[in-house]
Amino acid sequence: MSHDHDHDHHHHHHPDPHDPAVRVEAIESLLVEAGLVDSARVDALIEKYEHDLGPLNGAQVVAKAWTDREYRTRLLADGTAAIAELGFGGAQGERMVVVENTDQVHNLVVCTLCSCYPWPVLGLPPSWYKSPEYRARAVREPNVVLSEFGTELDDHVEVRVWDSSAEVRYLVLPQQPPGTEDLNETDLVDLVSRDSMIGVRLAGAL
Amino acid sequence: MTRTHDLGGRPGFGPVPVDDDQIFHADWERRAFAVTQFSQAVAGFNTDAFRHGVEREDPERYLELDYFDKWIRNAERMLVEGGVFASDAVSAAILGTSALGAANRTTDAAPAQGRGAHRVVSATPKFAVGDAVQVRSESPAALEGGHTRLPGYVAGKPGTVRLINDAWVFPDTHAHGQGESPAWVYAVAFLAGDLWPNDNATHTVVVDLFEPYLETP
Amino acid sequence: MTHSAKTHRPLPAEGAAAPPRINGELVFDAPWQSRAFGVAAALAESGLISWADFQAALISQVGEADTSSADTGSPDGYWTCWLEALGSVTASAGVVADQDWAERSAVFANRPAGHDHSH
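Residue numbers (the numbering used here), protein chains in the order written: chain A, 1 to 206; chain B, 1 to 217; chain C, 1 to 119.
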């Protein structure tokens, strides 16, 4: 890992004790000494929240679609416009099409030719999405790829794979997990993972 | 001609690296992302030319290079072809042996005026939702080794139009500075059984294809 | 599968106490910011502080900072408020005394250069 602080060892400059970097280090060291915090746990939480915690813009779109029937209809009819209602849009999202998962159909999105991805709703793609393995196999053996993510579908479910080969960007509208019907929109956002909007996992799955 | 980047359906790949879910593994990748986009703008490459630049990576290295490695190499490629740097300028600059100097521009692919790629065309779409279509064996516009968005795994295959997805700048010409030639894009559905007859697969693959790629069966 | 959505979401999505994000990703401009986040999260996880108390302290810090026109929307401004909230909550919980914190900070500030090349 690279670090780029300038450290001129010939110049005896000390940071200010009020410098936040110094204060954070100090408070952490006090807590560790008192046995109240484990630095490894701190590392793990940083890692987790830096890369995991939403809410992705797309999660807000999905939660709204789950709770607002009319919004859902608009979203499926014109994804770009409905997503723009929430203030999202822009580069790599000139035209967004939302495809819904149902009991009969499960959707999965890939870009076999490069790494096209709906930035305005999902940010930048995870590395696996850009891997040769995913790009080659998602269109050819989607069920096996899904099982590699721990996702198993019933035999009768039709799997539909969308290859983003032009400028249209696809977003999967996952099914709302059973038993969550009474949750409000804010709580539902937490159940919508990035992976469920690409289609490799179901919403609510860990 | 095999195009290394055209990976859809290609056999021989192992499990998806499911746990590699970070966007950036290290700070240099973040900087590579930003630098490459900046280089694209400075070199005057449009999106299609950018993609074609990545595709022109050394085929022997394409699969093994990290994603952002390919991007940074493309940044250099674009800057040289865009006439911003001489071809040996980057390594020379790194070695400290010379200042960066301009060279002759070898690409014509200037960007569209920041308008995005969506276009309105007067021609009506040739195909309707539900129509059976046949994908050509290759793009009629693609130059030898040129850019195209016709994936090899659907070349020559039969499909059904599912959606008409508006008209867009045509990458096959635009990547090479030969004009926008906007064309209708269709989301065409293929049965996996037609794409890979020996696989015993029952899923469907939907691919966005430009009208010039398609013909009536 | 159900789980408590409340404990799953320690960070508010909107409002003054919401951290800067780009499409859901937290924005840290410097390692100390992520560290401040991680320490608070670890303490809340082990139950030593409550997120509710922390949120209240954070909102109060942001309010004070806003009146002094610090830019609490920037990562630096926000995470500084976060750090102060962490100090205030750990002091109330009797876990870290202000005095000890100030002293430890002074000690670290006076270390010779080159101490942190282990990272």
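Note that these hints are calculated values from the structure, not bench results. For clarity, every value in this text was computed on a predicted model and none was experimentally measured. Be careful, since some hints might not be right.
[Said to hold, decoys possible] Between beta-carbon pairs, the in silico distance windows are:
1. B:Ala34 with C:Asp98: 34 to 42 Å
2. B:Gln37 with C:Pro75: 20 to 28 Å
3. C:Arg111 with B:Gly12: 50 to 58 Å
4. B:Gly14 with C:Asp98: 31 to 39 Å
5. B:Ala34 with A:Ser147: 30 to 38 Å
6. C:Asp76 with B:Gly193: 54 to 62 Å
7. C:Pro75 with B:Ala41: 19 to 27 Å
8. B:Gly177 with C:Ile59: 48 to 56 Å
9. B:Asp66 with C:Pro112: 36 to 44 Å
10. A:Val105 with C:Pro75: 38 to 46 Å
11. C:Thr67 with B:Leu65: 48 to 56 Å
Yeah, the Cβ is synthetic: ideal placement off N, Cα and C, and Gly gets one too.
Do the hints match the structure? See the list:
no.	hint	in the structure
1	B:Ala34 with C:Asp98: 34 to 42 Å	41 Å, holds
2	B:Gln37 with C:Pro75: 20 to 28 Å	21 Å, holds
3	C:Arg111 with B:Gly12: 50 to 58 Å	54 Å, holds
4	B:Gly14 with C:Asp98: 31 to 39 Å	56 Å, violated
5	B:Ala34 with A:Ser147: 30 to 38 Å	36 Å, holds
6	C:Asp76 with B:Gly193: 54 to 62 Å	57 Å, holds
7	C:Pro75 with B:Ala41: 19 to 27 Å	25 Å, holds
8	B:Gly177 with C:Ile59: 48 to 56 Å	55 Å, holds
9	B:Asp66 with C:Pro112: 36 to 44 Å	38 Å, holds
10	A:Val105 with C:Pro75: 38 to 46 Å	42 Å, holds
11	C:Thr67 with B:Leu65: 48 to 56 Å	52 Å, holds
Violated hints amount to a single one, hint 4; each of the other numbered hints is respected by the structure.
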